[in-house]
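Under the UniProt record's numbering, the final residue of the sequence shown carries the number 391; numbering is consecutive throughout.
Since the hints were derived computationally from the structure, they do not count as laboratory data.
Since the structure is predicted, the reported quantities are computational estimates derived from the model, not experimental observations.
Yeah, the Cβ is synthetic: ideal placement off N, Cα and C, and Gly gets one too.
Among these hints, one or two may not hold up.
Unchecked claim - What follows is a set of in silico ranges between Cβ atoms, one per label pair, in the way DEER data are often shown:
id : residue 1 : residue 2 : range
1  : Gln-264   : Pro-342   : 17 to 27 Å
2  : Gly-185   : Trp-383   : 46 to 56 Å
3  : Ala-337   : Val-56    : 40 to 50 Å
4  : Gln-343   : Pro-69    : 34 to 44 Å
5  : Phe-35    : Pro-10    : 14 to 24 Å
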Amino acid sequence: MYYRQVGDLPRHRHTQHRDDQGRLRYEELMGEEGFSSDSSLLYHRGVPSAIVASEVWELPDQRLTPAHPLKPRHLRLHDLVTGEDAVTGRRLVLGNHDVRLSYVITGTAPSALFRDAVGDECVFVEAGSGMVETVFGALPYRAGDFVVVPRATTHRWVPAEPSRLYIAEASGHIAPPRRYLSRYGQFLEHAPYCERDLRAPSEPLLVEGGDVEVLVRHRAGGGIVGTRLTYDTHPFDVVGWDGCLYPYTLNIEDYMPITGKLHQPPPVHQVFEGDRFVICAFLPRKVDYHPLAVPVPYYHSNVDSDEVMFYVAGDYEARKGSGIGIGSISLHPGGHAHGPQPQAIEASLGAERFEETAVMVDTFAPLELGEGGLAVEDPAYAWSWAGRRLE
């Protein structure tokens, strides 16, 4: 990410920084990969390590069930009943050791203060608007936003209206694909979005208070657990920060689809990369213009990956007749050839444009089913290519 500075900073790093009354600000380095990758320096009014209590926080159900036997699956997320808190109300849909996909439909009350110390989060806002308040400042969100929150960033969601959030919780980091960037980190001309499209906090967010509770998701005992930490002073006490690590949003409308004379493979739709997974976006676009082009995807076998597609808006041409609709997730696992419904191939011939919006996650380790995914599975989807609706 490119360098930013916000708020009140000293002239030099690691030097005394005092307020008008002479009180010392407390400098915190927040960095990735030890001291060897992107980082930011934050200047706190209070001591960022000062806690007064630590208790177990029981996470929502994190159990995963193997996706066995092998078959394509359809999950209807709009049928899922969730809690209204953007943090504690999430229900786990799919996951593996690298990434977990959750879903929540919020109310309008602020969420708990939260820190994901396992990995970065990328939250796609299917619907709704509001604010993500963070130690870096406030970040407005709206429908169509990808909200990227770096690992260990204390934050909370403050919806202005009920919001539908589709969450990728990584075990590592999430960033723009390296092939979009120069060796110095600038977006290149062939990238489908650029620095102008990214929104980050522009001013500090200062909140007074003491004995403030923060929910922390972290690793212990070989698994993912939760701790409820109580801080002596409010974590939102950063008067200024600078660096290349911070939360930001990218709206899907600002992503420029790449099209071609013949059908383009999924990597041209990539938005982000994680550790052993990628995130892509399929958007309204002109389609292939060869006179004999077949616009819908060809059948393909996922030799090395599982493919998850979340259908957000429009009319997804390749899935007509399958039961897939807005709010659906399809899981096409490695080891099974998949592609369009047979009737969709002929129907697509001669099409000049597709009106569809979907977010895809491809993982390079097998996905398992969370309790939320099991609760809303369509048992008939697997047989739809054969023209049957077996339960």
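To see whether the hints hold, each was checked on the structure:
1. For the pair Gln-264 and Pro-342, the beta carbons lie near 22 Å from each other, so the given range of 17 to 27 Å is met.
2. As the Cβ distance of Gly-185 to Trp-383 is approximately 48 Å, the hint placing it in 46 to 56 Å holds.
3. Look at Ala-337 against Val-56: about 45 Å separates their beta carbons, and that is inside 40 to 50 Å.
4. Between Gln-343 and Pro-69 the beta carbons are some 26 Å apart, a value that contradicts the proposed interval 34 to 44 Å.
5. For the pair Phe-35 and Pro-10, the beta carbons lie near 20 Å from each other, so the given range of 14 to 24 Å is met.
Violated hint: 4 only; the structure is consistent with all others.
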